Structures are given as C-alpha cells and as structure tokens.
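Undergrad: The lines below spell out each chain.
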Amino acid sequence: MAVVSGSRRRRTAQRVGLYVVLTLVGLVMFFPFAVVVGGSLKARDDIFSYPPRLLPYQQTTQTPAGGEEPLPVFEIDGQERVLVRQVQVVTYAPPDDLEATVTVPADEVEPTGGFTEQETAVVDGEELPLFDVPVDGQVVPMVEVRSTVEGVFALPDDPDNVVRANVRTAQTVDEVSPQWSNFREVLRLQSLDRSLSNTALVTILVVGGTVLTSILGGYAFARIRFPGRDAMFLVYIGSIMVPFVILIIPLYQLMVTLGWVDSLAALVFPFVFNAYGTFLIRQFFVSIPKDLEEAAVLDGASQWTILWRIFVPLSTPAIATLSTFMFLYAWNSFVWPFIVINAGNVENHVLTLSLQQLGGRAADTPNLVFAGVVIAVIVPITVFVLAQRYFVENVATSGLK
Amino acid sequence: MLVEAERLAAGLMVWHLLLALAAAGGVVVLLGRDTVTGGGRLAAIAVLVFAALASLGAAAGLRARRHVGRLLSVVVNYLLFLVCFVGLLQHNGVFTGLDALGETFTRGVPFLAVAVLAFVGTGFGDGEGLSATVRRMSRLVAVVAVVGLLLAVGLVPGLLTFVRRTATPVGLLLLVGIVIGAYLTWRAMQPDVARLVGTTEHQGRTITGLLFVSPNVLGFLAFFAGPLLFSLYVSFNAWDAFADPEWIGLGNYIEMLSLDVTTVTDGRATFPEGYQELGRVGSVAFGARDVLFWTSLLNILVFSLVAIPLSVIPALFLATALNSKVPGIRLFRAIYFVPSIAGVVAVALIWKQLYDATVGWINYLLVLATDVWNALPLLPEATAPQPQWLSDANIALFSLIIVFAWQYIGFNTVLYLAGLQGIDNSLHEAAMLDGANRWQRFRNVTIPGLKETTFFVVASTGILALQLFGESVVLFSRSTPVGAGPENSTLTPVVYLYEQGFRRFDQGYASAVAWVLFVLIFVFTFIQFQRQREQVGG
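Residue numbers (the numbering used here), protein chains in the order written: chain A, 1 to 401; chain B, 1 to 538.
If you're looking for bench data, these hints aren't it; they were derived computationally from the structure.
Where hints are given, some of them may not hold.
Negatives, chain A to chain B, calculated, CB over 12 Å [stated by the list, open to error]: (1) Val102; (2) Asn166; (3) Thr213.
Which stretches of chain B does chain A cover? Using the computed rule of at least three CB atoms under 8 Å from a CB of chain A, they are [as the list claims (entries may be wrong)]: (4) 211-221; (5) 396-408.
Here are the simulated distance ranges between beta carbons [stated by the list, open to error]: (6) A:Asp299 x B:Leu159: 31 to 41 Å; (7) A:Arg8 x B:Gly435: 14 to 24 Å; (8) B:Glu429 x A:Gln388: 50 to 60 Å; (9) A:Ser191 x B:Leu331: 30 to 40 Å; (10) B:Ala132 x A:Val385: 24 to 34 Å; (11) A:Ser191 x B:Ala375: 31 to 41 Å; (12) A:Val176 x B:Ala436: 53 to 63 Å; (13) A:Val21 x B:Ala375: 16 to 26 Å.
Quick caveat: nothing in here was measured; it's all calculated off a predicted structure.
C-beta atoms are modelled at their ideal positions from N, C-alpha and C, and glycine is treated no differently.
Work the whole structure out from these sequences, hints included.
TA: Right, here's the structure in full:
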C-alpha cells in the first residue's frame, strides 16, 4: 500500500511541477500583451512613470470644502492633501555671508532701491542684484541664491490648514483610470481608420481569391488526370520552398509596368495564386473517397457540378484552415506593403505600415502606439479564437504531410 | 448536328489563320520598334509567337480533323478571352480602382458584419442542429446584406464609370475580344465538335483539367515563375531601375563576395585597392569590397545559429509537456500560440517599449530580480544590470533573437504537438516494458518519431530567420540604413537588399543579394533534409 501512495504522491508532485512550468511559460508569452493593453489605456505621463505599472493610473482629484474645482491629491506626512496653488520660493543670503540663507515666497520681497534703480552687490567678482528681504520684522538687503516652486497643500475638509512642500518630490495619490480616448486619438493621428478599412478590403480579397483559385487548382490536381499534371504539381510543391525575398525586385518591376505601385491592387493580386493553398486543398480532396462522386458521375454531372456540390461542402475544415492562414498572412504582411506603398501615400496604407510609421512618429507617446497595436492585434486574435478548432489542429497536420 | 459542327470547324480554321497572321504582324511590329524595352518586350514577343504558332497548329489540326486542333483552338480562344478580360479591367482602371474602394469600404462594414453573421446562421452548408426555416431566413438576410454592401460601397457609380470607359475604341475592341474568345471557347467545348474530331474521353478530360488549373497556373506564371527568372536575369546587370539594364555578367556577385585575407604587421593590415577591413581574428585580417554585405551575412549567421535552436528546442519540451492529458492544455496551447499571430510589426512595437532602458519593464524586472537575489543569504552582493537593449551594439542582435524566439516558440510547439500525436503509442509501451526510463524513452522513441516534424520545424523557422527584416526595421527605425541598428549590428541581408534596391536604386545588385540569400536558404534546407534522411536510414 505504501508503494502505491508513494507513486501517487509522486504523480501529484509531477503534475504540480508541470503546471508550474506551463504557467511560467504562459506568463512569459502573455505578459507583453498585458503590458500593451494596460499601456494603451494610460495617460502620457503615466506611461513614463517609474517603476512601470500594469494598470493605467491617474492622480486622484478632490474638491476641497468650499472650493469649486477638483484639485490633485498628494500624500504629505501621511495625510492626504490637495494642492491649492504653487508659489515661487526664493532662497536669499546676505552678500557677506552666503551660508546664512533665508527662504521666503518671492512675492514678499522687493528690489532694493526700487524696480528701476536696483542696487547691486559684488559677490565673488560677480555683480548681483540686491533684494529687500523681511527677516524677523527687519528688512535686510540680500542676494538671490536659488529659487524653487513649492506647493501649498490643504486638507480637503479644512482648507485653512495648509503646509508647504516641494511639488516634484511630493507623493501623489493615484487611482486606476483608463483613458479610453487614446483609441479615438490614435485613429485620427495616423488615419488609422482608413488603414483599417484598407486592410479589411485587401484581406477579404486575398482570402476570397486564394480560396477560389486553390479550390479550382486543387480539384484538377486531385481528380482530373491529364498529361503533365504530376510534373506541374511537383513544380508547385517546390515553389513553396522559394523564399519571398527573391521576388521583391522583379515583382516591384512588374508593379511598375502595370502601374500598380502605390496601389492596393499590388497587395492583392500577386498573392491570390498561391501554391501553398492549392497544395493544402489538393491534399484534402485526395482524401475524399471516390464512391461519393461516382453516383454523380453516372448521372452525367459535369466536373464543375461535382466540385461545387460534393467536394466543397465536404471540405469545410480545409477551407477554413486555408482562410485563416491567408487571413493572418494578409493582415500581418509587412515587407511587401513597406516596399510597394509609398510612405507618404497615407490614403493607401495598411495597418502594418501605419503602425510602423506611428512607432516612429509617436515615439514620445507610447500609450498611443499601444492603442494602435491593440487595434491591429484584436482582429487576428478574435479570428484565431473563432477558428482555433480548425486552425491549430489542421494547419499543423496538413503542413506536415 | 454534324453539319453544323463542320461549318463551325471551317469557320474556326479561317479565324485561327487570321489570328496567326495578326500575331505574326504584332511580332514584326515589336521587333521593328525599340521604344518598348526590357522584360515586357521579351514577354510580349514570346506570347505573340506562341499565339501565332498555336493558331497555325489549331487551323492545321482542325483541317485534319484531329483532336489536337480542337485542343489548341480552345487554348488560344480561352487565352484570348482571358487576355482581353484582364486587359479591359486594367484599361478601365478596375485594379487601381481598389484604392477608391478602400475609402468607401468603411460604409459597407456594417453590411459585411450582417452578411457574415447570417452566413454563420446558414450553418456553412452542413447546418447541423439548425431548422430549415432558420437557414432559409439566414440565407435571405445574407443575400440582402451582400446587396446592401455592394450598393453602400458604390457599385452603381462604379458600374457607370466602367461602362463609360468601355465605350472607347480600345475598350470596345477588348470587349469584342472577350465576346469572341468566350463564345468560341464554349462552342468548341460542345460534344458535337468533340465527335467531329474524334476526341476520346481521356483527351476530353485534359481540356477540362487545363481549364480548372488555368487561373492558378497563369497567375503562378505571371506573379511567380516569370518574376523568378527575371530576377536571375537582373542580377547579372547593373540597373538603376530607370535606364536600360547593362549586362555585366557576374560583376555584381564578384563585387559582393570578394574577400581578401592578409596578416597584420605593426598593427596595420593593407588590402588591395577597393577593399576595406572587415575584421580581425588574431593576427589575420579580413578585407572585403562590400563590407556591409559581409557584415549582414555574419549578423544573420550569428542570429540564425542562436535564434533557431532557441525557438525549436524549448518548443520540443513544451510540446512534450503539453502532450500529457491533463486539463487546461488547450488554454496553454492557445496562449503560447498568440505571439505568432500578432504580426511582426505589432510584436516589435511591443518589445520596443519593453526594452526601453529607463522605464521599460525588462530592466525593471532585472532590478526586482537583483533585489530578491540580494535579500537571499549567503549570496554575493549584486547590482542590477541595466543593458541598453536597443542602442548597445554588443546587445542589439541578442535583443532581436529574444523577440524572434518569443514570437515563434508557440507556433513550433503546436507543430511538435501535432507530430507527437502521430507517434504510435505502442512504441512507448514497448519501451516501458523493456524498463526504459522517461529520458530514455524521450531520447529513443520520441525524438526519432519526430524527425519529419523536426525537419519541417527547423526548415520553416530557418527560412523565417534568414529572411529577418520587419523586426529590425521597426525596432531600429532611427538608424541608417533603416533597420541596421547601432554600428550596423542588426543589419540583415534583407535589410541590406532594401537599402541597395530601394534607397540607392541598384536593383541589379539587390537581386544578386537576394540570390545569394536564396542559395544560403536552399543549402540550409537541403542540409536539414539530408540529416532527416540519414536518420531514417539509421
């Protein structure tokens, strides 16, 4: 008995270990997305605050008793206080003893001898203006050493109870407050709404076109025997291994010849004749048993009818896989749009281009860049979640066989 | 019936003779004029010669009542139809009209959403668990939504423009070509013509097969095979994309690949003229004519050497862990997969912020980790490293590697998971009976069983890694050349190709870069393939 319980305890330990590892990796994979979503809702100064925080924070405001406007809240000596106003505070010292400093608000001091004929004193070989500074009821002429801004902080319930403190080093009181307006702003900033519509159009056309040509080609390669077919199919498979890099220059020249440079057409038509799609659909069609079509053949149905009435309805998984794959490809493609669409032609930008430009232009407002990223990423992730059933299981297996 | 077919065959013969004459005339005109130059001219001449020869063959074949005549006739007329159809679309500006559609498309999005929802309501054709009424209603709604979509995005004004542009001499000529080509193709496909020339069932299938593959194959030729050959041709030329290409043979390749090795004497290395120092190993100095190209090559080799194992090996272990039947696996799998579908630009922008040297999360986490380290007893005091991830030339390439691995580990995990599910479970059980422990089973059953998957995973990751571009360009957008990073430390061959081809407009040189990279990728894939084969043998 002891042996059994020992092995069970070991299995439990193993399972816990497994979950710990999987969760850690999951955190590594997920954490950057959490940063993006949080960042996309942050105000500009919040995203530059250190240490970084995941949630979007903003300083709490509160309207003090008898006040009219909400004022920012700070924590001073353990008490929450609102910042009523800021005063310029100047540190003065007598010209003959710079160590004996006095700090007073700037508006309590007047220039010695009046504004027009201000007297001066020479300190360390430098001529400095003199000010009449009130010290213990007396007025002493002094020179300015330095000046800072101090805040006047009041208790919200008792506005007459004030203390002065340095604003910059004061501890702010923050609350979670998402800035939804970032999304509206980023849509305007880089005409991201137009890119979104362009991307949707290009993606729909690429997916639709690829599925159509792949179904036709895949059917011929799977079911219609004609001379040269198998050689042609081998060339097709081989072409999948050819990297896109090699086509960049000649395709660009072809676009110049056709007058499609800078045009959405360049993003659509070169990509709808797809060897990979033909291959994928063909592999699925080959696996469909022949008896299914034999009755239709005996009835004299044409190949066209057999394809659309028998093969296509049976091939939902393969078509969904191909559609998802092409969707992700078209939505995320960057190299080709970057080359063929002019950087200045904002009208014809797709999302990846706009994002790339936004990353450069809005480098000082990463919160807006993140909002753009969220907009760009939310669609493929939604499609992935919806199509996961087909995609994860099929793209993997059909890509291998 | 047969009389009609004979009359048609006679008419077709005349038509093909006329076509052959016209095509030959076109070739003569093209050869006589040299205003049209380059690949376009060659392609046009080739197409016309093919059209003339095929037409002659069709006429002769039809006269001899042979099937080949019918086949050629169908091919020629079909191509005529297609060329005129695409030509009319291009002439009327339908392709470039997509830009205008991009503007009005926003108005159609609500209709599109309704149409998609309604289509889901029809149950994709199989309609499990949906009543017939629901399906019929959904279909109706989908049709209405599609019509609404077309109207909203401006179908009517578009069609009017199309009609107006067709009513020009060129437009009408193309329209006539479309009608004649389509009619003759359809007519020659009819059974009476087949009977007249004695087409067998097998031969009939050939025509159908060709028609089915034609859209794909023609597009493949136009947008893949043709450009591929053109690229090879261009790589042997000096070409600034505006003037005529100038044939320089292997000139581009020689300039790019020239290396020189000397020994360092008195701390100096002297190279022949035109060479610059690339780097030193001990007292040996390497010089190259194109230092930037060699830099890019070295960078990508270092990158691939680290990034490929880093995104494949963890994936193998993760897949093994995920393959056990514990609950929640699907959730983990989905989370791991998400980075690979987020897109290169989005991923790079995310990491750009994470890598920020002052307020970025990574350096902050390093501070936290150091605090934990220092809080532990018996460990030497440490200060938190704060690397300049994106501006330190020694680190920048490593930063790229992390981004790449993060992006593709999940994808590779899913591929491995599929491979694992294909391994016969009885092998594991047999090994267990032989007393093999977990590691031995992993080593001797799992890994050999995954060799095909491993080939696919390594090859596809390698192809992605060797073509690295987007990540560099987004992360190092401020450097010159764009994407080259601090001191060219993240300059990759594709980044260099972009610089040469589209900044300096030396498209011949850029093509040569592409071909060298292609050879590199091919060699890499081939080695992987050989290794897989050897393992099968052993």
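Undergrad: Over 12 Å to the closest beta carbon of chain B is the bar; see if Val102 (chain A) clears it.
TA: Consistent with the label, Val102 (chain A) stays out of reach of chain B, its closest Cβ about 37 Å off (over 12 Å).
Undergrad: Kindly confirm whether 24 to 34 Å is satisfied by the beta carbon distance between Ala132 (chain B) and Val385 (chain A).
TA: holds, 30 Å
Undergrad: Is 30 to 40 Å respected by the C-beta to C-beta distance linking Ser191 (chain A) and Leu331 (chain B)?
TA: holds, 37 Å
Undergrad: A cut-off of 12 Å on Cβ-Cβ distance, and Asn166 (chain A) was said to be off the interface with chain B. Does that hold?
TA: holds, 22 Å
Undergrad: Quick one: are Asp299 (chain A) and Leu159 (chain B) within 31 to 41 Å, going by C-beta?
TA: holds, 38 Å
Undergrad: At the C-beta level, are Val21 (chain A) and Ala375 (chain B) separated by a distance inside 16 to 26 Å?
TA: holds, 24 Å
Undergrad: Using the Cβ atoms, figure out if Val176 (chain A) sits within 53 to 63 Å of Ala436 (chain B).
TA: holds, 54 Å
Undergrad: At the C-beta level, are Arg8 (chain A) and Gly435 (chain B) separated by a distance inside 14 to 24 Å?
TA: About 21 Å separates the Cβ atoms of Arg8 (chain A) and Gly435 (chain B), which means 14 to 24 Å holds.
Undergrad: Using the C-beta atoms of Ser191 (chain A) and Ala375 (chain B), is the stated range 31 to 41 Å upheld?
TA: violated, 50 Å
Undergrad: For Glu429 (chain B) and Gln388 (chain A), compare the CB-CB distance with the range 50 to 60 Å and indicate the outcome.
TA: violated, 31 Å
Undergrad: Does Thr213 (chain A) really sit off the interface, with its C-beta more than 12 Å from all C-beta atoms of chain B?
TA: violated, 5 Å
Undergrad: Closer than 8 Å, Cβ to Cβ, for at least three residues: run that test on the region 396-408 of chain B against chain A and report holds or violated.
TA: violated (count 1)
Checked against the numbered hints given earlier, this structure breaks hints 3, 5, 8, 11; the rest are met.
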